[in-house]
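Novice: Protein chains in written order, with the numbering used here: chain X, 143 to 290; chain S, 684 to 830.
Simulated from the structure, these hints should not be mistaken for lab results. Among the hints, erroneous ones may be present.
[As the list claims (entries may be wrong)] Derived contacts from chain X toward chain S, CB cut-off under 8 Å, selection only:
{"#": "1", "residue": "Asp168"}
{"#": "2", "residue": "Ile173"}
{"#": "3", "residue": "Asp174"}
{"#": "4", "residue": "Ala188"}
{"#": "5", "residue": "Ala189"}
{"#": "6", "residue": "Met192"}
{"#": "7", "residue": "Leu194"}
{"#": "8", "residue": "Asp201"}
{"#": "9", "residue": "Glu208"}
{"#": "10", "residue": "Leu212"}
{"#": "11", "residue": "Lys219"}
Fair warning: this is a prediction, and the values are worked out from it, not measured in the lab. Think of the CB as a built atom: it goes at the ideal place given N, C-alpha and C, for glycine as much as any other residue.
In case you want the letters, here they are:
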Amino acid sequence: MSPVTRMYGVVAMVTALIASNAIAADDKEIIDYREHIMKTLNEQSAALGMMLSMAVPDDNAIAHMEAIALAAKMAPKAFEPKVQGGQSKPEVWTNWDDFSKRMDDFAKKTDEMVRVAKTKGAATAMGNIIEYLPCKSCHDVYRDESKK
Amino acid sequence: MTRPRPRLSGLVLALVLMSPVSSRADDQDVIDYRQHIMKTMNEEAAAIAQILQQKIPAADFATHAEILAITAATAKKAFEPKVPGGEAKPVLWANWKDFSKRLDDLTAATADLARKAKEGGMAAAAPRVQSALTCDSCHDIYREKKD
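Taking the hints into account, I'd like the entire structure generated from these sequences.
Specialist: This is the structure we're talking about:
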C-alpha cells in the first residue's frame, strides 16, 4: 500500500489501536521514521553513485546533493528519542555526545558539498564525495546490520 | 608483424562480446536510477504520513515536502530515456506530455506544501497534502506493480 493510500484508512485504525498498544506503536513509529530518513539518504547516495561511475548522466547531481543535505539536517532529531531497536546499537544513546557530534558534522559536510557543487561545479564536489558522506564510519560504530 | 595481430583480433572479439552485455547493463542502470528516485519519494511520503498521523512531531514537515519537490523534479530527466522495464508501462513514453506534466504538477504542489508549512504551519499545509501527493493517480495509469 502506498503511504497515501495508507493515510486514508489511518484515522480509524489509529483510534482502534490507541487503547492497548499505544506505547509499543509509538516506539515502532520512531524507529520507522529515522529509518525513512536513512533510506532517503541511501537512495539519493545510490543515485549520486551512479553518476560517479558514469552509469547515468549527472544533470541531477546538485538536486541529489540538496536532498541529501536536507535529510542529513533532519537526522539528528530523528534519533533524539531514546528508543532502542531497528539497527541502532545502544551506543547511539550511551555515547550520545559523540553520535550527535557525528550527525552535526554530517549535516555540515553535506551543506559544504552543496555549496561547492553550486560554486565550483558538481564534478568538483563529486571528487570529494567520500569526505562529504561519512556514512560508513558512523555505521561501523553505531549500526548493527545483522538486525532484521 | 605477426604478433600484434592475434592480440588485436582478441581485442576486437572482446569488444564485440562486450557490447550486447554493456547495453543491457545501461538499460538496467536507467531503470535502477529512476527507481532510486521513486523509492526516495516513497520514504519521504511515508515520513509525511507519520507526521499527519501525529506519530512524529511536525517540525520537519516542510523539509520533507521540500525533498519531495526536489526529487519529483529529478524524475523527469530520469524517465526521459525510453527504456521500458521495471514497473514502467511503455505507454508512459507514448503519453510523455501527460506523464511529464504530472511530474511538474507534483513538483509544484510539494513545493507549495513546503511554502505553506513555513508560512502558516501544519494548519495551513495539512489540508493540502492529499491533493498534492498525486502518486497513486499516476501509478494507476503508468505503473504496473510486479510484487
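Novice: All hints are to be evaluated individually against the structure, with a verdict given for each.
Specialist: Structure-based check of all given hints:
Among the interface hints, the one on Asp168/X holds; its C-beta lies about 7 Å from the nearest C-beta in chain S, closer than the 8 Å criterion. Because the smallest distance between the Cβ of Ile173/X and any Cβ of chain S comes to about 11 Å, over 8 Å, the interface hint for this residue is violated. For the restraint placing Asp174/X at the interface with chain S, the shortest Cβ-Cβ distance is roughly 7 Å, inside the 8 Å limit, so the hint holds. Interface restraint check for Ala188/X: the shortest CB-CB distance to chain S comes to about 5 Å, inside 8 Å, so the restraint holds.
The restraint placing Ala189/X at the interface with chain S holds, with a minimum CB-CB distance near 4 Å, inside the 8 Å limit. With a cut of 8 Å, the hint placing Met192/X at the interface with chain S holds, because the nearest CB-to-CB distance is about 5 Å. Checking Leu194/X against chain S: minimum C-beta separation of about 12 Å lies over 8 Å; hint violated. Against a cut-off of 8 Å between C-beta atoms, the interface hint on Asp201/X holds, since the closest Cβ of chain S lies about 5 Å away.
Hint on Glu208/X holds. Least Cβ distance to chain S is approximately 6 Å, under the 8 Å limit. Contact between Leu212/X and chain S, as hinted, is supported at the beta carbon level, the nearest pair being about 5 Å apart and thus within 8 Å. Taken as an interface hint, Lys219/X checks out: its beta carbon lies about 7 Å from the nearest beta carbon of chain S, inside 8 Å.
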